[in-house]
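Novice: One-letter residues, chain by chain:
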Amino acid sequence: AQSVSQHNHHVILSEAASLELGCNYSYGGTVNLFWYVQYPGQHLQLLLKYFSGDPLVKGIKGFEAEFIKSKFSFNLRKPSVQWSDTAEYFCAVNAKGRSSGSARQLTFGSGTQLTVLP
Amino acid sequence: DAGVIQSPRHEVTEMGQEVTLRCKPISGHNSLFWYRQTMMRGLELLIYFNNNVPIDDSGMPEDRFSAKMPNASFSTLKIQPSEPRDSAVYFCASSQRTSGAQSTDTQYFGPGTRLTVL
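Chains as they are written, first to last, in this note's numbering: chain A, 1 to 118; chain B, 1001 to 1118.
For the record, the hints were derived by calculation from the structure and aren't laboratory data. Source: prediction; values computed, not measured. Take these hints with a grain of salt, some might be off.
Said to hold, decoys possible - Facing chain B, according to a computed beta carbon distance under 10 Å, are these residues of chain A, among others:
| hint | residue |
| --- | --- |
| 1 | Gly-22 |
| 2 | Tyr-25 |
| 3 | Asn-32 |
| 4 | Tyr-36 |
| 5 | Lys-49 |
| 6 | Pro-79 |
Unchecked claim - Derived pair list, reagent style DSS-like, types lysine-lysine, alpha-carbon separation capped at 30 Å:
| hint | chain 1 | residue 1 | chain 2 | residue 2 |
| --- | --- | --- | --- | --- |
| 7 | A | Lys-78 | A | Lys-61 |
| 8 | B | Lys-1078 | A | Lys-78 |
| 9 | A | Lys-78 | A | Lys-58 |
| 10 | B | Lys-1078 | A | Lys-61 |
| 11 | B | Lys-1078 | B | Lys-1068 |
Said to hold, decoys possible - Example chain A residues on the side facing chain B (calculated, C-beta under 10 Å, incomplete):
| hint | residue |
| --- | --- |
| 12 | Tyr-27 |
| 13 | Phe-34 |
| 14 | Gly-41 |
| 15 | Gln-45 |
| 16 | Leu-46 |
| 17 | Gln-82 |
| 18 | Trp-83 |
| 19 | Thr-86 |
| 20 | Phe-90 |
| 21 | Ala-92 |
| 22 | Gln-105 |
| 23 | Leu-106 |
| 24 | Ser-110 |
Backbone N, C-alpha and C fix where the C-beta goes; we use that ideal spot for every residue, glycine too.
The following block holds chain A by itself, in its conformation from the complex (with noise of 0.2 Å):
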């Protein structure tokens, strides 16, 4: 079964800091990775997503997140927060090509609260 790991629980930055949060996930075979944000009060929203190819993905409203393999590591990451960037943050993994007919599961870490002070 797989596992994530989001080590940081909540962080706090200034407007115009850079961020990166840190997954980890533990799967011995081929893994899609998402990050999900969820705005206060709201419901969870795709952020970017890896399958294949270029492991620096872009999402949008300029974050970004790198797929290390030998690190089982999927950190996202933006250059400059703003205020409205305050939301919680899921990273999460399926597996990839697996036989059976079922669907695969997404495994959500524990998401990482971000406050970024104006």
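Given chain A, work out where chain B should sit, using these hints.
Specialist: What follows is chain B alone, placed relative to chain A:
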């Protein structure tokens, strides 16, 4: 596309009452997931369906919880009888199950139902 639709958005009920949450997945998606989110436990997968068939309900807390998917465009999550500890936000998500090495199964979330059991 209207996205995943959930109703009601808010539900307040008394302990012991039956609660039914509803979900309409994105048209054409063949996988549907029910999640529960609480401060204490984070995001938990309760059950998921593939082609209207329940695949894994191991996340369902206990027999008070049941889920159905009578057709490709509708699913319900029922709690009977409800208890205060069931208070949470319940999310529904859907994806298009694809096969092969390039499969992704990106999940899209609905707005959630905030359930309060008094």
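Novice: Each hint needs a verdict: does it hold in this structure or not?
Specialist: Tested hints:
{"no.": "1", "hint": "Gly-22", "verdict": "violated, 17 Å"}
{"no.": "2", "hint": "Tyr-25", "verdict": "violated, 15 Å"}
{"no.": "3", "hint": "Asn-32", "verdict": "holds, 5 Å"}
{"no.": "4", "hint": "Tyr-36", "verdict": "holds, 8 Å"}
{"no.": "5", "hint": "Lys-49", "verdict": "holds, 6 Å"}
{"no.": "6", "hint": "Pro-79", "verdict": "violated, 25 Å"}
{"no.": "7", "hint": "A/Lys-78 to A/Lys-61", "verdict": "holds, 9 Å"}
{"no.": "8", "hint": "B/Lys-1078 to A/Lys-78", "verdict": "violated, 40 Å"}
{"no.": "9", "hint": "A/Lys-78 to A/Lys-58", "verdict": "holds, 10 Å"}
{"no.": "10", "hint": "B/Lys-1078 to A/Lys-61", "verdict": "violated, 37 Å"}
{"no.": "11", "hint": "B/Lys-1078 to B/Lys-1068", "verdict": "holds, 8 Å"}
{"no.": "12", "hint": "Tyr-27", "verdict": "violated, 15 Å"}
{"no.": "13", "hint": "Phe-34", "verdict": "holds, 7 Å"}
{"no.": "14", "hint": "Gly-41", "verdict": "holds, 9 Å"}
{"no.": "15", "hint": "Gln-45", "verdict": "holds, 7 Å"}
{"no.": "16", "hint": "Leu-46", "verdict": "holds, 7 Å"}
{"no.": "17", "hint": "Gln-82", "verdict": "violated, 23 Å"}
{"no.": "18", "hint": "Trp-83", "verdict": "violated, 23 Å"}
{"no.": "19", "hint": "Thr-86", "verdict": "violated, 17 Å"}
{"no.": "20", "hint": "Phe-90", "verdict": "holds, 7 Å"}
{"no.": "21", "hint": "Ala-92", "verdict": "holds, 8 Å"}
{"no.": "22", "hint": "Gln-105", "verdict": "holds, 6 Å"}
{"no.": "23", "hint": "Leu-106", "verdict": "holds, 6 Å"}
{"no.": "24", "hint": "Ser-110", "verdict": "holds, 5 Å"}
Going through the hint list in order, the structure does not satisfy hints 1, 2, 6, 8, 10, 12, 17, 18 and 19.
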